[in-house]
Each structure stands twice: as C-alpha cells, then as structure tokens.
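Colleague: In case you want the letters, here they are:
2 protein chains.
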Amino acid sequence: MPKISNKGIHMPASPIRKLAPFADQAKKEGKKVYHLNIGQPDIETPEGMLNAIKNIDFKVWAYTSSEGTLSYRTKLASYYNKLNYGIKPEEIIVTTGGSEAITIAMMTCLDPGDEVIIPEPFYANYNGFACQNDVVVKPIMSFIENGFALPSIADFEKLITPKTKAIIICNPNNPTGYLYSRKELEDLKLLALKYDLYIFSDEAYREFCYDGESFISPMHLAGLEEHVIVMDTVSKRYSACGARLGCLITKNKKVLSTALKFAQARLSAGLVEQIAGEAAIDTPDEYFEKVNKEYTHRRNILVSALNKMEGVFCPNPGGAFYVVASLPIDNADKFCQWMLEDFSFENQTVMMAPATGFYATKGAGYNQVRMAYVLNADDLQKAMICLENALAIYPGRVINTTAAQEN
Amino acid sequence: MPKISNKGIHMPASPIRKLAPFADQAKKEGKKVYHLNIGQPDIETPEGMLNAIKNIDFKVWAYTSSEGTLSYRTKLASYYNKLNYGIKPEEIIVTTGGSEAITIAMMTCLDPGDEVIIPEPFYANYNGFACQNDVVVKPIMSFIENGFALPSIADFEKLITPKTKAIIICNPNNPTGYLYSRKELEDLKLLALKYDLYIFSDEAYREFCYDGESFISPMHLAGLEEHVIVMDTVSKRYSACGARLGCLITKNKKVLSTALKFAQARLSAGLVEQIAGEAAIDTPDEYFEKVNKEYTHRRNILVSALNKMEGVFCPNPGGAFYVVASLPIDNADKFCQWMLEDFSFENQTVMMAPATGFYATKGAGYNQVRMAYVLNADDLQKAMICLENALAIYPGRVINTTAAQEN
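Chains S and B, in that order, give the protein sequences. Residue numbering for the first sequence follows the working numbering, beginning at 1 and increasing consecutively. Residue numbering for the second sequence follows the working numbering, beginning at 1 and increasing consecutively.
Mixed in with the good hints there might be a few duds.
As the list makes no split between identical chains, a pair holds if one copy fits it or if it spans any two.
As the list claims (entries may be wrong) - No more than 25 Å apart at the CA atoms, straight line, and that leaves these computed lysine-lysine pairs for DSS-like:
(1) Lys75 x Lys27
(2) Lys54 x Lys75
(3) Lys88 x Lys27
(4) Lys189 x Lys3
(5) Lys194 x Lys158
(6) Lys59 x Lys75
(7) Lys27 x Lys59
(8) Lys253 x Lys75
(9) Lys3 x Lys251
(10) Lys28 x Lys88
To be clear, the hints were calculated from the coordinates, so they are not data collected in a lab.
Chain S on its own, in the form it takes in the complex (with noise of 0.2 Å):
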C-alpha cells in the first residue's frame, strides 16, 4: 500500500470541525446542540444576492477569467474605494473563498521553509495552510489578560530571522474577536519596512466592529503599497460562508502578476458566485447597521453571561463575533468533548471550539474555548446557561488562577 504524504500526517485536523462527530451522536441521541464552534451565522444573506441567483440568464455555466471577471473586480474596487482603499480593478484577483486568497498569498510569497510570525491565538487553518506549504508558522504569544492585544513589537523582532518573510494580521481578529488600532498597525508598518516583510491581512470581519470603534487596514498606511496583501472574503459579510467566494488585492505588480499564475493553474473562481456578489455590493447599508447590532446584543449578552460565572474569564472584544473565554477546566479538548458525549440539561448540550487548535504553541490555551455568537439571543441565553450547568458538574473542573485574578 503506497504511503500518505509527511505533510499528510502532519496536517491538522480543523478544531472547528473535529469534534464534529461527538456532535452527530448527541444529536442522533436526541439531544439540541447549540453550535458556538463554527463561524457559520445565522444571519440571512442579503435578498438581493439570493436573487442574483435566482435570476440567473445564462445558457451555458462557463468559466470566468482566471483574475474574475472585470465587472465583477469594478464593482469590487468602488466597495473598497469607499473605504479608502485607493484600489483599481487590476489590482484585485477574484479567489475560492478568502481560503484561496490565503493559500494563494502563501504560495507567492514563500517558500518551503520560510518563516510566518502571527500573534496566537490565531485563526486555525492558517496551520493548514502552513503545513499545504511547507511554510514554518512562528506564533507570536497574545493574552487573554489585556484582551489579545498586538504583542509588543520588541517581542517580534525577538522572532526574526533570515528566513522570516511574512507577517499575518487577522483584525478583526478570529478567534478573540481583537480590534487593532491605527497605533498598533503603524507598529506593525515599522516593523514591515525596517524587516522588509509582508503584512498578510486577513479582513474577513471589517464589518463587524462595535461601539463606534473604526477598521483601520494596512491598506489605509502609505509607505506599505509592496508589502500589504489583502485576503479578503464575501463569507462573513453578507453572510455567504458557502458562496465561496473572496479575493487578494495588492498594489505590489511583481506579487499580483506571479499570483496570478496560481490562479490560471486553477482556472476561476464559480460564475455564479461573481453575478451574486456584484449584486451584493448594492446591499442597503440598513442591512449592516441591523446585522452590527444584532451581534452587539448578542455579545454583551454572551459576555456578560461568561463573566458571571464563577471562575470563567471572557475580555470584551471589539469585533468579528468570536470570544475566546478562560473557564476552570482542566483540558479544554476534554471538556468540549464532554459536553458532547457525557452532558446534557434538559436535552441541551453546546459545542464550542476549544482553543487549543488555535495555538501554535503546545499546551498554550489549555483552559480556554472559542465560542461563536452566530446564534440568536434566545439561543444564546439558553447555551450559557447549559454551559454554567455543565461547569458546575465537569469532573475535571479545576480553579482557574487567570479568571481567579481577573474578575
């Protein structure tokens, strides 16, 4: 029997999806289970996008150029025009999914070997994508206790070597929900042109910011035209997670014209998706403004929640609409999967991501979940109690020194 590649054996299972069996078999058993372990909302897709869809003309399912097609990367500019991008249509490479722009971006810019810093807990496939490529991932510790701020820069430059290459930023960022500010990114710009790196900037959430706080994007920083690449995603936006569609935008012409030979490789994103997220941009604002304050209210209930329960400790993030909460469990992989296979309260159980796989760093974050408030408030109030329920009685509970300090 031939053999499973190196890279095979040592790719990471998604923790966000892994546990996905223990889910199955309590559901079969009977048991609701409130999904907070995947970034999979709720919330409706904007009518006019289904009804792009639904209005399709054409005869023939054809492939679109392999950069997307130009009416498409129009529309997109105008959307980042209005926030100040300063972008042109050339400037855009239609991906699969900000997935795709990330792998893209990773397999432009390095090479088997070379080094990534990203400040952890950091979004977990950037593992995957890491390991696809042969890329060696330098995590960059964050902590709970100032509520995942950017790291000291001091501490980067610790981090440094020949082989470093790339920097990779996700702000808002997935899984702690960390709003960067302008000072923070101006940092990091320092730190890109004194090391002459990239700044990978994942903006899946630039929607999704709260209490009057501002995005700021690498893209908003002169001096950082060749070194910032975008990777960019319609999923959480507009609520499209299986639209799969995303894109890369860079003002660098050596990395737009070498990505896009990875992109002939793989000929185009779907057809579909480009009719449906042109039709997208035309999204009525009301539509966000109701979306930003539906997620208001469901983090401040979640938060709130969290922060009342003895010995759990949850910071008040500023975006995306992820937490990653510090609970008084020995093992969070354990106790995630506890939940699933050993507890119920009236019939309920709730499935989170334990946030180990989001650390690259071995048994960083052992005490700590990922949860997603991608549930409506009614849900979500019904979830935590199931959680407080399940802490009180988890055999492995154990007083957790953090949360202890903290609250």
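Starting from the known structure of chain S, arrange chain B on it as the hints suggest.
Modeller: Below, chain B alone, put in the same frame as chain S:
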C-alpha cells in the same frame, strides 16, 4: 520591496491563457477570434442543473460539510455505481473543481521532491500543481505518430526511482484526445502494484468517447483499491466549467482521512454548486447522446480539414474534445501569437494553445498546437479556412518532416 517565492518565479503561466492579452487586442481591433485554445464548450448546460440554481430556497448561504453534503455524495455514488465503480458516499470528497481534487491528491500523497510520472503531452496545469507542491514531474514521451498511445511499460520503468510516488493518467486524454485501452490500463496496474505507486486518474472527459469505444477506469480493475485516486469534475460532463465543482474518489481509507484534513482547511465546496450538481445527475441520457453526436461531428470536421492541409498531421482521437496537430511551422508559440497579432483572413483569426506548454521536455511539441473543438460546426469550418490561409503565408513556415512522413 520583499521578494516573491522561488516557486512563484518558477510557476509556469498557463499556455491556454497566456496569449489572452493578444486575443483581447485583436478583438479591440475588430477581428473575430475563434477560440480553439480553451476547453470551454459552447454546449448548453443541462436545463435541470440551471433550474436547480434558479429554484434555491435557502435564506442563509451556508457552508456545507467539508467533504460535501451527504445528499450530493449519495447521488454521486449512484452515478458512479451505474458505471460499476462500487463506491460508497463516504469514499467521495467533493472539491472545488477538478483542480482542487488534483491539488488535494498531490498534497495527500506527495512531499516536496517526490516524483510523479506523467505521459506527455499532458494537461498543462499538472505542471502548475506540481510546482505549487514542490513535486517533480517526470515526463514520459508519447508520440503523435501513433496517436499518443500509452508509452511502453519498459519506458515507465526506466524513470522509476525511490522518489517515484505516483503516475497521473488523464483518460480520455487532454490534450491529445487519446482513449486508453483496457490493455494499457492493465499494464499500468501491474506497474503500480510492482512499485507500490498511486495512480491518479483524471477522468474529466469520461463521457466523451467516440466511435462506440468504452471508457475504462482504473476503478474497474480489481486489486488497485489502495492505489487509485479518481479526480473528477462536472465541468465538461455538464458543460458547467464555471461551476467549479469536482470530487476526489478513493477506496484507500488513509488517503480519504488525510485528504479530508486538507478539505477541512478550506472549509467547504460551494453550496449552490452542490445543489446544482445533485440535480445534474438526473440529466436524461438523450442529453449525452446528443452532445456525443455533436462532438463526433465536430471532431470529424476538424481532423479531416487538418489532414487535408499541406504539411499538417492530426491523429483521429477516440475521446475528449481536443486534438493535437503538427503544423509546418518553426515555433508554435510564435505562430499562435502571430495568428492573433499579425494575421487575419476576412477579418477573422484563430486562437490555439501552443503544445509546448503541454510538454515538460524542453523543445518537445515545438511544431504542435492543441485545438479544442468547442465551437459549432460552422465556426469550426471557418476557423479551419483561416488556419489554412495563415499557414500559407506564415513567415516561419517550414516543412514538417513528421507530417510529411505521415501524410
């Protein structure tokens, strides 16, 4: 300015798409361009598939499971089992086009430096996918003189090293249209078993076999269960290239579980595509009969017209919708560009793919082009008249010795 990766530098541009700017320019100048360069058929997508899109009734365009929806995989299994593949739904991973099936198969089975043997000329993007994964392509020459039949097993054996992990076979073949026989596949089977190699079976053109010949898959050969990975797509079968929907099929459990980890990293294939793909499986047989008849007719027109031209030789392919022809020219890249830049006949010209991009051996196929017979018979005939006129006045015309011998 930070550097791009070495793999980015070495990544080949698509030979199918790299002349696109010249075609755009020709069109701007008012020329009609017959596109024989790309396998984008003009055949209509089945109505049932398009209606499935128009009738979507979800409110949230959500992720599917990473391996694809169970309902689509169940339906797909029924399609494959009509072809006697003996496949269960859980042996299928739904992918974003055939392209992703190929990259996932490579990542699952091959590490940087590992070697894959591919009969050349071959689908040019295999080079791109190999480059992405730092995998080494070992080409094995097939020859226009015998219609690009499978090279001898002795020739394969000469290329095998401890680094050889897989053979890629595309059947019916893109770009040559050659349909491999049961005997050829049985020979490959013995080779794969002797050296414990994977067979990656690219079956994008399975439905396109002419003259009453049957398609044979390595899936039909007992004893290869651990060795075969089928890479499939709906692109050609349903003339739905822009759907970006494919799948990977294997009975090798270790490959399946490893491939799933790569599939999880990119979350899921498109939801709308899977809904449409499911509907497509109910496409009536008459659709395929009609399409098959149409392609046979077109192939006959093209092959006959080509072989009537002085100095041109084109084998009569048994499948797919491509031919590779040798022309009395000095350089196919130059010729194809000249056709777009400097030539027109009655204000028309033809875009073809230089065959050089389908060979890994430098210099091979220098006088060959690939043509896709994806236009209607009338346009094909006009394109052939154009080509004949072009060959008559092309400044780089030379006597093609191969063609001279064969004609």
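Colleague: Taking 25 Å as the upper bound on the Cα-Cα distance, should Lys54 and Lys75 be classified as within, between, both, or neither?
Modeller: Classified as both; 20 Å inside a copy, 23 Å across copies.
Colleague: With 25 Å as the alpha-carbon cut-off, assign the pair Lys194 and Lys158 to within, between, both or neither.
Modeller: within (14 Å within a copy, 51 Å between copies)
Colleague: Within, between, both or neither: how does the pair Lys189, Lys3 come out at a Cα-Cα threshold of 25 Å?
Modeller: Between copies only: 17 Å across chains, 44 Å inside a chain, cut-off 25 Å.
Colleague: Can you give me the call for Lys3 and Lys251, within, between, both or neither, at a CA distance of at most 25 Å?
Modeller: between (42 Å within a copy, 14 Å between copies)
Colleague: How would you classify Lys253 and Lys75 at a CA-CA limit of 25 Å: within, between, both, or neither?
Modeller: within (20 Å within a copy, 44 Å between copies)
Colleague: At 25 Å max between alpha carbons, let me know whether Lys27 reaches Lys59 within a copy, between copies, both or neither.
Modeller: between (41 Å within a copy, 23 Å between copies)
Colleague: Is it within, between, both or neither when you check Lys88 against Lys27 at 25 Å Cα-Cα?
Modeller: between (48 Å within a copy, 23 Å between copies)
Colleague: What label fits Lys28 with Lys88 when the C-alpha limit is 25 Å: within, between, both, or neither?
Modeller: Between copies only: 21 Å across chains, 51 Å inside a chain, cut-off 25 Å.
Colleague: Checking an output row: Lys75 and Lys27, CA cutoff 25 Å. Within, between, both or neither?
Modeller: between (43 Å within a copy, 24 Å between copies)
Colleague: My question is about Lys59 and Lys75: at a cut-off of 25 Å on alpha-carbon distance, are they close within one copy, between copies, both, or neither?
Modeller: both (24 Å within a copy, 24 Å between copies)
The structure meets every hint from the earlier list without exception.
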